[in-house]
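**Q** Spelled out from the first residue to the last, the chains are:
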Amino acid sequence: MPLLTFNDRGIYCERADVYIDPWKPVPRALITHGHADHSRWGNDHYLSTRTAAPVIRYRLGDIDLEAVEYGEVRTINGVKFSFHPAGHIIGSAQIRVEYKGEIWVASGDYKLEDDGLSEAYEPVQCQHFITESTFGLPVYRWITQEELFADINDWWRQTASEGRTAILTGYALGKAQRLLAGLDTSIGKIYTHGAIENTNEVLRKQGIKLPETTRVNREINKKEYPGNIVIATPGAIGQPWVKKFGNASIGAASGWMTLRGARRRRGADRGFVLSDHCDWPSLLEAIDLTGADNIYVTHGYTSIFSKYLREQGYNAVELETEYEGELAEIETKGSEETSKENAVADGE
Amino acid sequence: MKNFAELFRRLDRTTKINAKVAALADYFLQVDDEDKLWTVALLSHRRPRRTVNSKLLRAWASELSEVATWILEESYHVVGDLAETIALVLPPPETDYDYTLTYWIDYIEQFAGYDELGKKEAVQEAWRGLGTTERYLFNKLITGNFRVGVSQKLMTRALARATGIEETNLAHRLMGNWTPNDTTFEELIHSESATDDISRPYPFYLAYQLEQPAEELGDPHEWQAEHKWDGIRGQVIVRNDEVFVWSRGEELVNDKYPEYDILAKAIPNGTVIDGEILPYKDGKPLGFNVLQTRIGRKTVSKKLLKEAPVVLMCYDLLEYEGRDIRKLPLSGRRELLERLVKEYDTQGILQLSPVFHFAHWDELAIERETAREKYSEGIMLKRRDSEYKQGRKKGDWWKWKVDPLTIDAVMMYAQRGHGRRANLYTDFTFGVWDGDTLVPFTKAYSGLTDQEFNKITAWVRRNTVEKFGPVRSVKPKQVFEIGFEGIRKSTRHKSGVALRFPRMLRWRHDKPVEEANTKADLEGMLEVYGS
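As they're listed, the protein sequences go chains A and B.
Going by the numbering used here, the first residue of the first sequence is number 1128, and it counts up by one from there.
Going by the numbering used here, the first residue of the second sequence is number 137, and it counts up by one from there.
Errors might be hidden in some of the hints.
Stated by the list, open to error - As a list, the in silico DSS-like pairs of lysine-lysine whose alpha-carbon atoms are at most 30 angstroms apart:
| id | chain 1 | residue 1 | chain 2 | residue 2 |
| --- | --- | --- | --- | --- |
| 1 | B | 525 | B | 579 |
| 2 | B | 611 | A | 1434 |
| 3 | B | 655 | B | 611 |
| 4 | A | 1349 | B | 152 |
| 5 | B | 530 | A | 1370 |
Said to hold, decoys possible - Footprint (simulated), chain A over chain B, 3 or more residues, beta carbon under 8 angstroms:
| id | segment |
| --- | --- |
| 6 | 194-201 |
| 7 | 474-487 |
| 8 | 502-515 |
Just so you know, the hints here were simulated from the structure itself, not pulled from any lab data.
Even glycine gets a Cβ: it sits at the ideal position worked out from N, Cα and C.
Take these sequences, add in the hints, and give me the full structure.
**A** What follows is the structure, encoded as structure tokens:
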């Protein structure tokens, strides 16, 4: 019996009777990070890193959550569990599981590049590695974030010089803060969509330093927006909410912006290739760094990526899970749902 | 090429017409005449000769990037565009080649004289020194046409802005049978009269579908009504004892329709007719599927000429006695057209598209109901005092098509789309019930909104039964109303039928899957409408 198995609730450790990132309610859940597809409502007991905990509490409400430090070992029925930085978002972790010399790592979502906000990724040696493959195709290669933020700031500067508002989209937890941190605030002021500002407040309270932002609200005179930038959720675009910004240029920041089809479909004026996931070369690098022979490929281009790994000599299998990776950034929600979200975000 | 790549990025970034025109106009002011000429050519669907097939291109990209061909192929299914896939998988450039667009086109045209190894070295050499966008454009130049969301009309407007030549004159000069190898930019845009190039057609005037009730068009006496015949829109030109036949796609199609050759002698020089290339026998039009047997064939056999003869169903007269008469009112042009067709013996090759007189819109609605039986797509409505405009314009001309035939079908397979729709499931196969099994009978790609495609994509991901390469079979749960324009027997399709212009009209969330139509229903339609 392997130490970890996969069932219709999530990644399961039978010996300790705990789940990692379950998608159905279970008694005890270990959570890699606070994104909704990894951290779901309804479990009896949660365990996460100390920096991930505030956002998880904010999102899931009154839950029984215990927090640990990175590297701290918890032993349950002889099985050792520890959390290690995954570099995906603030507080994100890879979960290491060890029992009698058998070592597994469930990596959740991760990236190798240090974004300056998230605790930087650390490779963890193991025999069994569970990896995502959101961008597991050789067409996905990121440029460095320095080049990328230079592009974003050039675009903002250009937009501002035309007397227009720049609107830049990214999901509320993780991407939005990374964008904030990379902006050149000498160009203008930063406004935020309510859903993003709510997350910012939680993060600031736990001591994370973010640039100064102003929540978009109805008291702000519309004439104040041109020249400045608004950070919005992807779902806000195409909604009446954006009308208040007048003549705006819309930028979308996502790994999907690599592809021309996705850029054009998003209806954005500019697509910036920025992801909190690994590109193709770094997925391969990460797998190599673990030293693992057995690779379990969860969400993304699972069948292609696992087949590729098998060709490279790994013992790789494809898993059916309910994780979504960056999918939320290309699948827009129903308009009703989003307009409600916007109304709430503006305090309307 | 850097200017051209920047132009491409600017065009690709926006959907706003003014921004596109501005990007093009800026570009036309930056580059030399050779590059201008090639840009005009590329944006009017003229492209360099194809010297490398895409299979070789894949192999060379795979070799240079050390990515196995199967994974390149899988990537292509996700990206939806081979040129883009290759541009993305290649390793970052090692050097920077900064040459003009014309340089690279010449470079590609040279390939014709190389052997396979020579071509491979030349292509890989170019890849090594081009950035991602330049590589993509280079690949597009090799593999075929690229769509940048710039219509010929928009390009013409920008060129008008950059050169100061009036847009309509320019539009006319850009039509016809030129290639960048047999003209110069100056010659092309400054040629003064239509006879400079005797084959040059006039831009087609196209109509929008009528959305409002026909009654709202006002007094029936102000309108001319005729059938919208179901063939290929064409323009026949007789000048200098020669005949030129243009299809609406601005393709010279003389070779495919030798029936029109006699017109060179039969009607006077200086005549240009707008009409429909229509299969026609014993005084009656034949179905579009009869014409389909001729489309795509370069040479026409005697047998085919006998089985599927075409006439020109004449709609309008654009040039008369060598004069451009497009500014005359339609009623005047029609009178001249009737005179022309009656006066000269064309052995029945020129047929007048009959106009019908109606005092009330109801009468016309009844005629429209019978259109499908007459192999017509519906009714064309043209204001009697309208001039012949260029391009698709609202107001004076409307097409009032018959409602499509419809059938409720169950989604069986889904495949990712291409281009703008890459990564979304947009290509579906639909089936109808035969007892308690589903029989696939058609594919459909269009008709849903982006938001619906997003929703169905999410659904497909979660309801996949099996994967076959890029195709997924899905649980039989979703019903769609499929609209189509015609149905015929087919031996190539398992279901025994082939549909014309199938598309999704509606996602029938309300319909239980058991209530979708059956194979018997389809056969019933074949009986009534099949040809």
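**Q** Which hint numbers does the structure go against, in order from smallest to largest?
**A** When the structure is compared with the hints, numbers 1, 6, 7 and 8 turn out to be violated.
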